[in-house]
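Peer 1: Following the hints, put chain B in place on chain A, whose structure we already have.
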Amino acid sequence: MAVNAEMSQDGKKLTIQVKGRFDFGKHQEFRSAYERNRPESVVVDLKETTYLDSSALGMLLMLRDHVGGDDSDVRVINTSSDVRKILAISNFNKLFDIS
Amino acid sequence: MPESRLTVLIAEDGAVDRLLLARIVSKQGHAVLTAENGEQAVALFAERRPQLVLLDALMPVMDGFEAARQIKVLAGEALVPIIFLTSLSEEEALVRCLEAGGDDFLAKPYSPVILAAKINAMDRLRRLQATVLEQRDQIARHHHHLLNEQRVAKAVFDKVAHAGCLSASNIRYLQSPYALFNGDLLLAAFTPSGDMHVLLGDFTGHGLPAAVGAMPLAEVFYGMTAKGYGLSETLREMNAKLKRILPVDMFCCALLLNLSCQRRTVEIWNGGMPDGYLLSANGTEPLPLVSRHLPLGVLAPERFDDSTQVLPLALGERLLLLSDGVVDTSDDNDRLFGVERLCKVLSANRQPDLLFGEITQALEAFRGRSRDDVSLLEITVVEPDELLPPPLIYSDSGQSAPLDWSLQFEFRAETLKRFNPLPYLLQLLQEIHGLRSQSGALHSVLSELYSNALEHGVLGLDSALKRDAQGFGEYYRQRNERLQALCSGYIRVGLCVEPQGPGGRLIIEVEDSGKGFNVSKVLARPLLEQGLYGRGLNLVRRLSRRAQWADEGRRVRVEFAWEALA
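Top to bottom, those sequences are chains A and B.
According to the numbering used here, the first sequence is numbered sequentially starting from 1.
According to the numbering used here, the second sequence is numbered sequentially starting from 1.
Hints are supplied without guarantee of correctness; some may be wrong.
[What the hints assert, rightly or not] Using 25 Å as the maximum straight-line C-alpha spacing, the simulated SDA-like pairs for lysine to any residue come out as follows:
no., chain 1, residue 1, chain 2, residue 2
1, A, K19, B, S330
2, B, K243, A, E35
3, B, K243, A, H27
4, B, K243, A, G68
5, B, K243, A, K19
6, A, K26, B, H206
7, B, K344, A, R84
8, A, K85, B, D306
[Claimed, not checked] Derived Cβ-Cβ restraints for the label pairs, each shown as a range:
no., chain 1, residue 1, chain 2, residue 2, range
9, B, A46, A, Q28, 28 to 38 Å
10, B, T415, A, E40, 38 to 48 Å
11, B, G316, A, S32, 32 to 42 Å
12, B, A413, A, S32, 46 to 56 Å
[What the hints assert, rightly or not] Computed footprint of chain A on chain B, listed as stretches where at least three residues anywhere in the stretch have a Cβ under 8 Å from a Cβ of chain A:
no., segment
13, 208-214
14, 245-252
15, 289-299
Think of the hints as simulated: they come from the structure by calculation, not from any bench.
Every residue, glycine too, gets a C-beta built ideally from N, C-alpha and C.
Same shape as in the complex, but just chain A:
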C-alpha cells in the first residue's frame, strides 16, 4: 500500500502516510484513508513522499474540508525540502501546520 492510515487507540488522531509520488494516482487511496473516520486531528506524514503535485494539494484541501475546514487540525510532517517548496509557493502553511 502506498497510502497507510493508522488511527490512535483513543480514535482521536489519524495518521496518514504517503509513499512515493503523491499525485492524482493516489486519489482513491488517499480518500479512503480518512473517509470513514471523523478524527479530531490528522497527521499527514510525508517522510517517504518524493514528489507532490497540484492535485495532491487538492487532496489535502479535501481532507481539511472533511475534518472541519477552518476549524480543522491537520498537520503535515516530515516534508522534504522539495515538497516544502511546493507547499510554500501555494502558501499552504496558511492552512496547514507544516513541518
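Peer 2: Chain B in isolation, oriented as in the chain A frame:
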C-alpha cells in the same frame, strides 16, 4: 464441437485430399468452400470472405504462396489465418510459407484432432484480433470526438480570451495551443484609464475540468477591468466566484498585475504561481515576484487576502511571468529544472527578444525533449502613448443622456477604508456621450485626483518617500497601515455637467480633509526632478483643461469640454 461455426476455404489440387479435408472440416461443424488452385482460391475468398484458409503450397495456375499473399492483402487489417498444407520435410518451403503470410502448417497425413485444435486456436487468435481492432476503432472515434469538442471549446474560449489586449505591442507570450486544457490561462486587458491588467493562471488538474473554471474567471477579469475596478476588488470577486463554483479540491493559482505605464508602477498579487521576475534594462539581478497568497478559490471570501505589492518601474524594464511547466520540468533522473537554472538563463540573457527561445532551449537541453505545456509572458514598460487602448464598447442604446446636472458625494472614513467609488463614478460619466472620445484621459485624471486626495490628503502620506525603490515599498506599507487605522476624514467629489453652445463641459471638483500642500512649489519642480513621485499632478495637468488647486491644495478643479456631437 468447434467453439464457433466458421466458413473455411480449402485450396488443394489433389481431388482426394481435397475431399478428405472437406469432410473432416464439415464434420467439425464448419461450412466449407473448396478450390482447385490458387487463382480459384483468391476469387472465392474475395467473393465469400471465409474466416480461415487451408492452403496447399504447390498448385497449378497459381501456387499457394502467391495465393496467400493476395488473400492477406484482400483481408486487410482483419486476421484471416492461413494454414499451409505441407509435408514437414520441406524446410525451405516452410520458410517461404511464413514469408507469404502463413500462420501455421498442417502435415500429412491429416489428423482430424490436430486440425480441430489448429482451427480452434486460429479462431481464438482471429477473434482476439477482431476485438482489438474494434476497440482501437472505438478509442479512435472517442478520441476524435474529444478533439472535436476541445476544438469547439477552444474556439469559443479564444473569442473570450482574445477580447483583451494580448496583442498589445509591449506584450510577448508563448503558450501551447491547447494550454487551456493543461489548465493554463492567460488574460490581458486595458483599464479605462489605459493601465493594463494581466493575469497568468493555472487551474489544478488537466483537461475539461481545468478549462471549465477558466470561463467565469475570464468573465470577471474582463468585466471588472473594463469597468475600472482595481486589482483588489477584481481578486475578491474572482476568489469568491471560484470558491462558490469549484469543488473543494480544485483551485486556481494566479498572478495578477496592474501595469501603469503612465505612473511607471506595477501592482502585483501572486497566489501560488512560481516567482515572476522584474527584469531590469541594465542587466542587474532579476527581482523575483514571489507568491505571498493562497491560490484563488481556496479561502472563503471573509478570509481572503487581497493585499498587493507595488513596485516602481523604469522605462524598458520587463515583467516576466511563467507557468510551473518551466521550473517543474524534470530530467530522466527526476531532477527538477528549478529556479536556479532559470535564473542563470535570465542573467545570461543579453538580447531581450531572444529570451523565450533561450528558456525553451535550456528546458529542451535539460529534459532531452521539448514540452508543450509551458506558458511564458513578458510585458515591457513603454511610454504610455506607444500603447493604443481600443475604444471602449458601450452597452447602452447610444441615446444621448441629459446634459445638465450636478452631483456631490462625500466619502467618509469607513467607506474609504474598504470601498472604491471610482468604478461607480466612471460608470456615471460614461453616460456623457460627448466625453467618450476622451474617456481614457477622464478615467486617468479622476483616478489620479482620487488617489491623491486619499493618500496625500486624508492619509497624509509624503510622496517624497517614493524617491527610491525602497521608499516605494515603505510608502505602500504605510498606506495600508494608515488606511486600516483610519477613523476620520473625508473626500468630497463634485461632478457638474452643463451645456455650452452645441457641446458641453464637465467640471470635476475633489476636496479632501487633509493638510493640503504647497501647490506652486510642487508644480514648479522640473519634470525630471520629480522622479518617481511627481507624476500624478503632471498627468492631471497634461490630460485635462484648466487644472486649478485651491484652499492650499485641499481642493482641485479640472474641466473637460466637448464640441457638438457628429
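Peer 1: It remains to establish, for every hint, whether it holds in the given structure.
Peer 2: Hint by hint, here is what the structure shows:
1. At roughly 20 Å between alpha-carbon atoms, A/K19 and B/S330 fall within 25 Å of each other, so this suggested pair holds.
2. A threshold of 25 Å between alpha carbons decides the hint, and for B/K243 with A/E35 the separation of about 22 Å falls inside it, so the pair holds.
3. Note on B/K243 and A/H27: the hinted pairing holds, with a Cα-Cα distance of about 21 Å set against a maximum of 25 Å.
4. Using a Cα cut-off of 25 Å, the hinted pair B/K243 and A/G68 holds, with the two alpha carbons roughly 17 Å apart.
5. Among the hinted pairs, B/K243 with A/K19 is inconsistent with the structure: their alpha-carbon atoms are about 30 Å apart, more than 25 Å.
6. For the given pair, A/K26 sits about 16 Å from B/H206 by alpha-carbon distance, which is consistent with the 25 Å threshold.
7. Restraint check: the Cα-Cα separation between B/K344 and A/R84 comes to about 23 Å, which is no more than 25 Å; the hinted pair holds.
8. Simply put, A/K85 and B/D306 have alpha-carbon atoms about 23 Å apart, close enough for the 25 Å limit, and the pair holds.
9. Judged by the Cβ atoms, the range 28 to 38 Å given for B/A46 and A/Q28 is violated: they are separated by roughly 52 Å.
10. For the pair B/T415 and A/E40, the beta carbons lie near 43 Å from each other, so the given range of 38 to 48 Å is met.
11. The beta-carbon spacing between B/G316 and A/S32, approximately 56 Å, falls outside the hinted interval of 32 to 42 Å.
12. Between B/A413 and A/S32 the Cβ separation comes to about 53 Å, which falls inside the hinted range of 46 to 56 Å.
13. By the rule of at least three residues with a Cβ nearer than 8 Å to a Cβ of chain A, the coverage given for the segment 208-214 of chain B is violated, with 0 such residues.
14. Interface restraint, the segment 245-252 of chain B with chain A: holds (4 residues with C-beta to C-beta distance below 8 Å; minimum three).
15. With a threshold of 8 Å between beta carbons, the proposed coverage of the segment 289-299 of chain B by chain A holds, since 6 of its residues qualify and at least three are required.
Comparing the model with each earlier hint shows violations of hints 5, 9, 11, 13; every other hint is respected.
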